[in-house]
Every structure is written in structure tokens, then in C-alpha cells.
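**Student:** Next come the chains, spelled out residue by residue.
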Amino acid sequence: MTSAISIEDLTKDFPLGFGHLKLRAVEDLSLEIADNQVFGLLGPNGSGKSTTIKVILGLLAPTRGTCGIFGTPSAEVSSRRDVGFLPEAPYFYRYLTGFELVRFFGRICQVEKSKLNDRVHEVIEWVGLKEAAHRRVGTYSKGMLQRIGLAQALVHDPRLVILDEPTAGVDPVGSAEISSLILKLKEQGKTIILCSHLLGQVEDICDRIAILNRGKLILEGELRDLVSKKDLRSVVVQDYREEYNDELAGWLQARESRLVSVEQPQYSLDRVFLEHVGRSELAREKLSERAEVAKQQDTASGKDNEEKKKSS
Amino acid sequence: MSKVVFSPARINIIAKNTFLEAVRQKFFGFLVIIALGIILSSQVFRDFNFGAPELKFIADFGFGAIVLFGSVLAIVATAQLFFSEIENKTAITILAKPIFRSEFIFGKFLGVSLLLLVFTGMMTVILSVLLFWRETAIMEGVDPEAFEAGRMVAYGDIFLYGIVQWLKFSILCGITMVVASFSNTNLYSVILSFVILLICHLQYLARDAWAQMEFLPVQLAVFMLSAVFPNFQLFNIGDQIALGESIPFELGARIIGYALIYIIVFNLLAVFSFRKREI
Ligand SMILES: Nc1ncnc2c1ncn2[C@@H]1O[C@H](COP(=O)(O)OP(=O)(O)O)[C@@H](O)[C@H]1O
Ligand SMILES: [Mg+2]
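Residue numbers (my numbering), protein chains in the order written: chain A, 1 to 312; chain B, 313 to 591.
Calculated from the structure, these hints are not laboratory results. All figures in this text were calculated on a predicted structure; none of them were measured in a lab. Among the hints, erroneous ones may be present.
To be verified - If you only want the chain B side, here are some residues facing chain A, beta carbon under 8 Å, derived: (1) 316; (2) 322; (3) 400; (4) 401; (5) 410; (6) 519; (7) 535; (8) 562; (9) 563; (10) 590; (11) 591.
Unchecked claim - Some chain A residues well away from chain B (every beta-carbon gap over 10 Å; in silico): (12) 22; (13) 77; (14) 80; (15) 152; (16) 207; (17) 224; (18) 229; (19) 255; (20) 265; (21) 267.
Beta carbons: idealized from backbone N, C-alpha and C, even for Gly.
Chain A with its partners taken away, still in its complex shape (with noise of 0.2 Å):
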């Protein structure tokens, strides 16, 4: 199967001023986004991230490089066809309501006329809304602006959606609802690429990561990987006494295992700000979700190892 995104040794110059002088925005990137995943594109503020999107999207020409989306170059207009973007710090038309926006942007992707109408209600009730459809686009909050603009990039039902910072200067409470919109996207089959610098958030959604510094790929793979101790296990007790400590230890050394901490384990202060801004439902999900993550990881890095064992 062809990769969503696909991307070639791409460089991107922007010239700065007089002379030859050139900013490298992006150097030698190569990088293939396999199909259905939330794939995390992270990075300090200037490393390129909001660039590569662009030059992958047609709106900025590469300087050396080639890219294409699910299979067809990006400067052909029809590579754009099964994409939705939410571009950074999204601005629309001000003087349309939430409506007539989303409705414009499904005309210009040629949502079906007949079924337009009943396409723009569902995506907006679907970000959350339904009683601000009707209110002008210049009077939403940042928040607000956000599911906007994912309304506007999810009207004509794409198969990939690239979000740009979607939660740069959304409160907890909206940043954990984008969250849990941006997985369920990904149940529904489709392939999310999420820019994004707030570290704290993606680490939740992402399957698949790559870091970019300075315009240059410094890490790239799936999440779990990096991110978790693999020869390492934590248990949870309900009741523990400090006293058991010994026995533990002795018990496990018996099995060649060894003892190598015992924890307090603490809520994440999200949780904890979720819980107590009254939307408990949300904290329970996410932590329902991070347990799903930690199954996954379990089963998946028993898969890792057998592949691994296979290629040495």
C-alpha cells in the first residue's frame, strides 16, 4: 500500500533579503508516513515543522526534494484532494457564521450539493459546535477557532487530516477534547499528522513520532519505543506497607529479578485540573486511554522483540 505521505531528501531555502543569503527552513528530510496512525511531527518553535507541511501541501515550492500524498506529487492540485488541513493559528472570514464557513470550504472540496447541507450540521455538532453555528466566526474564542477549523478540515471526509499546533493556546479542557477527537478520527480509519511542540499532549495520542531541530530529522519511530523503559515493570498495589520492601526484594531475588524502586504513584496534574474543572468524564477517558495505550505497548513490544530477534 502507498504511504500517506511520502517524503524525499527535501530541503527548503527561504531567501533572507539582499545577497545571497539563504535560512534553511528544512535540510534533507526523508520521511514515509505509513496509513492510519496518528503520526506526531514535534519540534522547538523554528524547526521546520509548520515548513514541511506546507511544501507538502503545494503552498511553498521545495528547494531540492520531492513529496507526494498517497502516491501522487504535491504539485498536482488533485494530491490535495483527500487531505484536510488545519493550518496554524487558523484565521477564517470573519463576517461568516460557523456555518457558511464550513459550508464555503465544503463547496470549494465539492462536497455533493445534496448532501451538503446535512455534511456541514454533522462535522460541526461533531467538533462540538452545534449552539455556536450560527454566531459569527469573529466572535469565537481560540478554542473555538480550532474546531472550526477542523469542521472546515474534516467537511469533505479525507482520508488524511494535518493539524498544525491544534491546541497552541487552548486550555487544558479544550486541548483534552481536541485530543479525543483526534483518536477518534484514527477509528475511523483516517491517517492524522499532528504538529505540535507541547510534548505532554501528543505523548497520549501519537502511535508514531519524528523530531525535528534546526530543520533536520533527529529521531524517528513509534512511541512506545522511545519512550518506554522496556526491560522495566511497575506494579501497582492497593495497601502496600513499607515493611514489605525486604520480603519483595528477597522474593524476587530469588528469581533473578531485581527490586529497583518503590513508588507513590501520582495523578498527572491534567487529571487532576480535568477533575476538578468538572469534566471528570474527559479525566476517566484519558486515563482509560493511556491504559489502552500500556496493553497495546505490552503485547506490541513482545511483537518487537520476535522481529528483532528475527533480523540479527
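Guided by the hints, dock chain B with the ligands onto chain A, whose structure is given.
**Tutor:** Structure of chain B with the ligands alone, referenced to chain A:
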């Protein structure tokens, strides 16, 4: 995956959106009010009791207001609507969709052109109503002898005048679109477009002055000048109308054809220069 094909429907959507945005801007309303004010202010001179010549005065005044404010609107609205998309980054969202850049440019052009049509139409109607009203009053009161042959004002020609000016404004819109497609700021585009407007109005002077010269480079330069810049003097049919001459059909057709060619050429130039622009 099927190919995306060039779509007039998408151009239409962009054009409508552009038109709506323009109409909702204060600038348009402001210009309409000022232009109306100027046309109506010709009534300040009513006390002088011109008689029949008053009608020519009103027509001249009205034509002048249409030309002046229409030109300003054509340049400022085009540049403003183009750069609001670039500066507010709404262009990023649109051009990341399956849409050709040519569709974007044509849509913008048609939206502004529609705006100019509405403006010119409104002004022409107001001017005609004013003329009709004064004509009736003069016919019945001040100067009945002058109207023995019936009404003097050729209302059909006033509308022809409106159409010809609208075409000229549309060329100007095309010129501004070309300028905007490669320049970085709104202000620069507006200034450069006004300079070009001036050249288009005055190029006939250069042509007249240099036409006799046999020196080849000069002839070549004159030829280039007149080919690249449309001759706006050609659209200046107000004098003839106001003098009561009517416009021969052939001349009208020639002007319309001339305008259409320039409109098409400038649109294609704008597309060509916008095609590779980095958004
Ligand atoms: N249009 C442009 N002209 C010049 N430099 C640019 C332009 N766009 C981005 N850059 C520069 O390219 C680098 C990468 O920017 P960007 O891709 O926006 O980073 P990120 O999205 O990772 O924060 C930055 O140093 C930025 O200043
Ligand atoms: Mg960015």
C-alpha cells in the same frame, strides 16, 4: 484517486465570497456615499437656473464622479481583497484545498468585477434619475422651447457609458491583480497601480508626440508602450454623450472587444505570476 479538474463552479464560489467580503467592508459604503454626494451636489447649482445647459453640466459632473471613484474603488478594492487573504492567512486554508491557483485568481477578479458593476450600475441609475427629473422640470418650466424636438438626454447612451466605464474598471482590476500577485504589500500595489493608471490615461500624449519620429528605437518604444498599457483615452466617450452625439454601434463594439482582450491578458498574467508564489 480521480483527478481534480478545472471547475467554473469553484470560481463562482470564490467570486461570490469575494463580493460579499467587499460589500461588507466600510470602504465600499463610504465610497458609494461620497460618490452619490458628489453627483447630487450638482443640484447646489440649481439656483443659477441654467436651463437646458444644466443637463450637460449634471451629466459631466456625474460622469466625472463615476470615473474618479470607480477607478479608486477598482484599485483599492482589488489590492485590499487580495492582501486580506494573504495577510490574514486565509489563503493558506483555501489553497491547501484541491483548487487551482488560476481558479483563485479568476474568482477574485470576478468578485471585484461584480462589485464594480454594482457600483457603476448604481451610479448610472442615480445619475439618470437625476437627469430625468431635472429634464422634466426644465421642459415644463424654465426653457420649454429647447425641447421642441422631445427629450434631449439619450438615456440609452448613459447606460452604454456605464458599461464602457465598468469594462475600464475591470481592466484596472486586472492590472492591480497582476501587480498584487508579485508584490509584498498592499500599499506598494496600490501606488504602483495608480502610476500605471496614469500611464494608461496619458500614453496617447507620448504616442502623439513621438509618432512622427523616424528613429527606430523610439518607434519601438512607442509601440511597446501602447501594446503593454491599454489606452484609457479610448474609453472617454463622456464628452460625446454629453454633447448630445450618440455613440455609433461599431465604436461601442470596438471598445468592448479591446477591453475584453486586455482583461483576459491581465488575468492570465496574474495567474502566471501567482502560480509559483509562496503562500
Ligand atoms: N516565509 C518565510 N520566509 C522566511 N523564513 C521563513 C518563512 N517561513 C518560515 N521561515 C523560517 O523557517 C524556519 C522554520 O519555520 P517553521 O517551519 O514555521 O517552524 P515551526 O513550525 O517548526 O515552528 C524558522 O526559522 C522561520 O523563521
Ligand atoms: Mg509552526
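**Student:** Does each hint hold? Answer for all of them.
**Tutor:** Hints, one by one, checked against the model:
1. 316: This interface hint holds because 5 Å falls under the 8 Å limit.
2. 322: 6 Å, holds
3. 400: 5 Å, holds
4. 401: 5 Å, holds
5. 410: Interface hint status for residue 410 of chain B: holds (5 Å vs cutoff 8 Å).
6. 519: 38 Å, violated
7. 535: Since chain A brings no Cβ nearer than about 35 Å to residue 535 of chain B, farther than 8 Å, the hint is violated.
8. 562: Constraint on residue 562 of chain B not satisfied, violated at 42 Å.
9. 563: 41 Å, violated
10. 590: Since chain A brings a Cβ to about 5 Å from residue 590 of chain B, closer than 8 Å, the hint holds.
11. 591: Because about 4 Å separates residue 591 of chain B from the closest Cβ in chain A, which is inside the 8 Å limit, the hint holds.
12. 22: 14 Å, holds
13. 77: 5 Å, violated
14. 80: At about 5 Å from chain B, residue 80 of chain A fails to clear the 10 Å cut-off, so the statement is violated.
15. 152: 7 Å, violated
16. 207: Correct as stated: the minimum Cβ-Cβ distance to chain B is 24 Å, above 10 Å.
17. 224: 31 Å, holds
18. 229: 40 Å, holds
19. 255: 56 Å, holds
20. 265: 43 Å, holds
21. 267: 38 Å, holds
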